[in-house]
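Taking the hints into account, I'd like the entire structure generated from these sequences.
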Amino acid sequence: MGEEDYYLELCERPVQFEKANPVNCVFFDEANKQVFAVRSGGATGVVVKGPDDRNPISFRMDDKGEVKCIKFSLENKILAVQRTSKTVDFCNFIPDNSQLEYTQECKTKNANILGFCWTSSTEIVFITDQGIEFYQVLPEKRSLKLLKSHNLNVNWYMYCPESAVILLSTTVLENVLQPFHFRAGTMSKLPKFEIELPAAPKSTKPSLSERDIAMATIYGQLYVLFLRHHSRTSNSTGAEVVLYHLPREGACKKMHILKLNRTGKFALNVVDNLVVVHHQDTETSVIFDIKLRGEFDGSVTFHHPVLPARSIQPYQIPITGPAAVTSQSPVPCKLYSSSWIVFQPDIIISASQGYLWNLQVKLEPIVNLLPDKGRLMDFLLQRKECKMVILSVCSQMLSESDRASLPVIATVFDKLNHEYKKYLDAEQSYAMAVEAGQSRSSPLLKRPVRTQAVLDQSDVYTHVLSAFVEKKMPHKFVIAVLMEYIRSLNQFQIAVQHYLHELVIKTLVQHNLFYMLHQFLQYHVLSDSKPLACLLLSLESFYPPAHQLSLDMLKRLSTANDEIVEVLLSKHQVLAALRFIRGIGGHDNISARKFLDAAKQTEDNMLFYTIFRFFEQRNQRLRGSPNFTPGEHCEEHVAFFKQIFGDQALMRPTTF
Amino acid sequence: MAAAAAGAGSGPWAAQEKQFPPALLSFFIYNPRFGPREGQEENKILFYHPNEVEKNEKIRNVGLCEAIVQFTRTFSPSKPAKSLHTQKNRQFFNEPEENFWMVMVVRNPIIEKQSKDGKPVIEYQEEELLDKVYSSVLRQCYSMYKLFNGTFLKAMEDGGVKLLKERLEKFFHRYLQTLHLQSCDLLDIFGGISFFPLDKMTYLKIQSFINRMEESLNIVKYTAFLYNDQLIWSGLEQDDMRILYKYLTTSLFPRHIEPELAGRDSPIRAEMPGNLQHYGRFLTGPLNLNDPDAKCRFPKIFVNTDDTYEELHLIVYKAMSAAVCFMIDGGSEKEPQFKFIYFNHMNLAEKSTVHMRKTPSVSLTSVHPDLMKILGDINSDFTRVDEDEEIIVKAMSDYWVVGKKSDRRELYVILNQKNANLIEVNEEVKKLCATQFNNIFFLD
Chain A
361 MGEEDYYLEL CERPVQFEKA NPVNCVFFDE ANKQVFAVRS GGATGVVVKG
411 PDDRNPISFR MDDKGEVKCI KFSLENKILA VQRTSKTVDF CNFIPDNSQL
461 EYTQECKTKN ANILGFCWTS STEIVFITDQ GIEFYQVLPE KRSLKLLKSH
511 NLNVNWYMYC PESAVILLST TVLENVLQPF HFRAGTMSKL PKFEIELPAA
561 PKSTKPSLSE RDIAMATIYG QLYVLFLRHH SRTSNSTGAE VVLYHLPREG
611 ACKKMHILKL NRTGKFALNV VDNLVVVHHQ DTETSVIFDI KLRGEFDGSV
661 TFHHPVLPAR SIQPYQIPIT GPAAVTSQSP VPCKLYSSSW IVFQPDIIIS
711 ASQGYLWNLQ VKLEPIVNLL PDKGRLMDFL LQRKECKMVI LSVCSQMLSE
761 SDRASLPVIA TVFDKLNHEY KKYLDAEQSY AMAVEAGQSR SSPLLKRPVR
811 TQAVLDQSDV YTHVLSAFVE KKMPHKFVIA VLMEYIRSLN QFQIAVQHYL
861 HELVIKTLVQ HNLFYMLHQF LQYHVLSDSK PLACLLLSLE SFYPPAHQLS
911 LDMLKRLSTA NDEIVEVLLS KHQVLAALRF IRGIGGHDNI SARKFLDAAK
961 QTEDNMLFYT IFRFFEQRNQ RLRGSPNFTP GEHCEEHVAF FKQIFGDQAL
1011 MRPTTF
Chain B
184 MAAAAAGAGS GPWAAQEKQF PPALLSFFIY NPRFGPREGQ EENKILFYHP
234 NEVEKNEKIR NVGLCEAIVQ FTRTFSPSKP AKSLHTQKNR QFFNEPEENF
284 WMVMVVRNPI IEKQSKDGKP VIEYQEEELL DKVYSSVLRQ CYSMYKLFNG
334 TFLKAMEDGG VKLLKERLEK FFHRYLQTLH LQSCDLLDIF GGISFFPLDK
384 MTYLKIQSFI NRMEESLNIV KYTAFLYNDQ LIWSGLEQDD MRILYKYLTT
434 SLFPRHIEPE LAGRDSPIRA EMPGNLQHYG RFLTGPLNLN DPDAKCRFPK
484 IFVNTDDTYE ELHLIVYKAM SAAVCFMIDG GSEKEPQFKF IYFNHMNLAE
534 KSTVHMRKTP SVSLTSVHPD LMKILGDINS DFTRVDEDEE IIVKAMSDYW
584 VVGKKSDRRE LYVILNQKNA NLIEVNEEVK KLCATQFNNI FFLD
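One line per chain: the protein sequences are A and B, in this order.
The numbering used here puts the first residue of the first sequence at 361, with every later residue one more than the last.
The numbering used here puts the first residue of the second sequence at 184, with every later residue one more than the last.
The hints are simulated quantities; they were obtained by calculation from the structure and are not laboratory data.
We put the CB at the ideal spot given by N, CA and C, even for glycine.
Take these hints with a grain of salt, some might be off.
Calculated cross-link-like contacts (lysine to any residue; reagent style SDA-like; alpha-carbon spacing at most 25 Å) [claimed, not checked]:
1. A:1002 / A:974
2. A:836 / B:315
3. B:383 / A:897
4. B:383 / A:874
Counterexamples of contact, computed for chain A against chain B with all Cβ distances above 12 Å [stated by the list, open to error]:
5. 418
6. 447
7. 470
8. 506
9. 532
10. 644
11. 694
12. 811
13. 922
14. 928
15. 998
As structure tokens, then:
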């Protein structure tokens, strides 16, 4: 298995903490993603490390008994420590506030606190075996105020900080889940739902284990993930992950089933909206993307792993401190160790080794693992860091060695442009809303975010097409690819940029395919533009009809009248130029000198006479005199006229 | 127009007036070089219609044309006579290839009037025919011939005068019957192409279809796409498309339209090949796609005759109003650019691509006898000397003959390369040795 093959990796810089041992207890807070190393109950020090802050927080606290749970409120304002089953202790970390500890006992009598969760910097929820209690902490008063509570029997609980939802397991089978949502001092009860338990052997009592449930946000939606070890249907033996969608409003609904096709010990992560399922027995992982097409049976969609199972990329434990000096080779890290603990969404902790990693997806290896280019694009377009990988896939499919077929290329272009068009539309409706002045009235109006999946024409031109046309590929293929891209853009009603047309023309001209070019222009596949018209003019010497095509195009543009006149004059078609400008009513503003110059160049005296006379008449009409004004700089032409036709041929001013 | 006025006339005479449209009197093709001496005049004539005309009259008519052309050339060397006006008819001359003349004689339209005594009076409408129209018709005759047969010169190269005559006879015998001289007009001068108006997106989709089809079927070299007898796309160059378009719209499509209109159950329709469940079918090409042994009938066409001279097979598929012409590389039958004979005196090994078939009785060669004679001459030269040598001969038309003798091995190569020079020919032979005899030591 080559190194390119691993598509999952542990982050390069893990959070390192002191290993768990009898005197050092390690806690992890999912809300702040912080690891707490508590030595001797805190008496000899507490070290808190988060993934982002490289400067750990260290402090000491009195050893008042075994610490059961320890968490900072958001923004590290208040520390909460649970030491008994009835109380939680608090300590302010706000400057100028007293750092003396204060305690809150749970309100419900005879209840045991199972744990607590911070929902903001000053709001906390106690979960007891008899319900939940929602408090506001008043640090300056060193006291708590009960905001709301709810009574029900709780087996265990789970908290998803991103969506501020707490899930409570109730009933004897533990399989009825009651979600609560918290926001700015309010607690709302969401509809409860039941997890269907698999048929278990008669001897064991079925129940839902906390270990088999996870909560994560996937594509902006909250899901409850249930790891079902045995399929409910007898014909498939493998385990599966059932995804329940938990909407903000409305009932929870079973939406997706991820088929694992194996049994044993599993752990779940969610990385970049992908569900990663680790399998300890084989020491491999698989990934699922619920946005990829699956098999829909009318109510749920069944998904199979996107890619073949692979191990996480082997990881070397970096040598730090004095060990690095002794030129000791880095130690390979035991992957899928039984001491690993997995947290949502993407965290893997090895308490025994003292590491916290973020799990990451590597996109490059996937390019070769997913042969179906359409599916590959669907997959890549949903990933955060996809741009360069997608561009390299595009370049690859146009390369000589890995050349894809045109239908595949078309599919890829269509998928890119679908995403591109979605962004353009969002951008446009935003611009229109701003223009209409809705931005002030509606705070919801947000400028659309341009994700990496938006690959516009300039990206594709710069990174893919301009290099592609330089390669020595059969010109038929080159043109077919360019046309396919233009076709796709048109299909999504995206205006094609001039440089793409230029690329097509360049390629056609290079291979003397003028008739093909002519046909494309005839059907307006290459949109009209002034630069394109000028390009065509420059081709006239190779392909005479280009002149006609260019003039037609200038006429259609209707903003290029000056150019038309210039083209005609350069071809010595002075009369035609004059007739044209008169036809559009612009003959009162044109420079007489320019036309007289052109007429003189033709060495056709009669033509010169005609043009001269025309301007004399114009002078007469506009100024009441046929003479040219000095500003027109026509002295030499008047002299020339006199020289050829004589003074008497000059028009005489009409007098009334 | 006089004819129209006469036709619309409602006078007492009108009913007794008869009109005869212009008609083809004769059509012939000759080459003055083929019978320059007296008594050989008949050899000049390559094709003559109507064939029933007595030999001497044929010779006389050809001689007359030759004389007129020669005579007028004195006044205008670059532009010899195009037509000759007489009271009864008009003759049109065209020299499509050097020294090959095509002549078309058209009878002027006639009005037959009833004189007062009841006798018919024939009046030739001398000024009715337009020179440009019928000159264009004549040129089109050549273009059409060339489309299906290649140039006259090519026929000469392939099989001499005999083959050319055969081809001309076979083609024009049928083609002349389809000339509707009475209905020729300005459009015949233009020989234009009518384009189907189409929005950009649909056009791009057709482009995409053609590109994909050509990619997956790489024997398809060019494609043309038509709708309602109007052109949408042509991969062929303009001049070739112009004549192909003429063929499609005036001959192939009309021939097939009647059975199509007749409906599924009509007896004409029953004779139609193809799948009756579907309106799409091959107008030329396989009769039945499901039967691999079914006959394939499709014409050969020749395009880019000035340049690369490509031989293609034309397969036309039509579904409802859309028609696609697939032009397939005639590759398998295409003659290679060179032919050779190889012989090794040491082991008597011989190899020939010149001979198509060799039986005890006949030896059929695929090259002109003149070329075979040159090969023989070179061979006798080789026998005379012992040293290794190489002889390069420029033969007639575009042929080069190369003889190479190297250590008791002899190689003769016939190259057909237009406008090649000595150096290029030498290069070609080297290339040939590299590809065909790369394991043999040839002295340079």
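Hint by hint, where does the structure go against what was stated? Just the numbers, ascending. Violated hint: only 2; rest satisfied.
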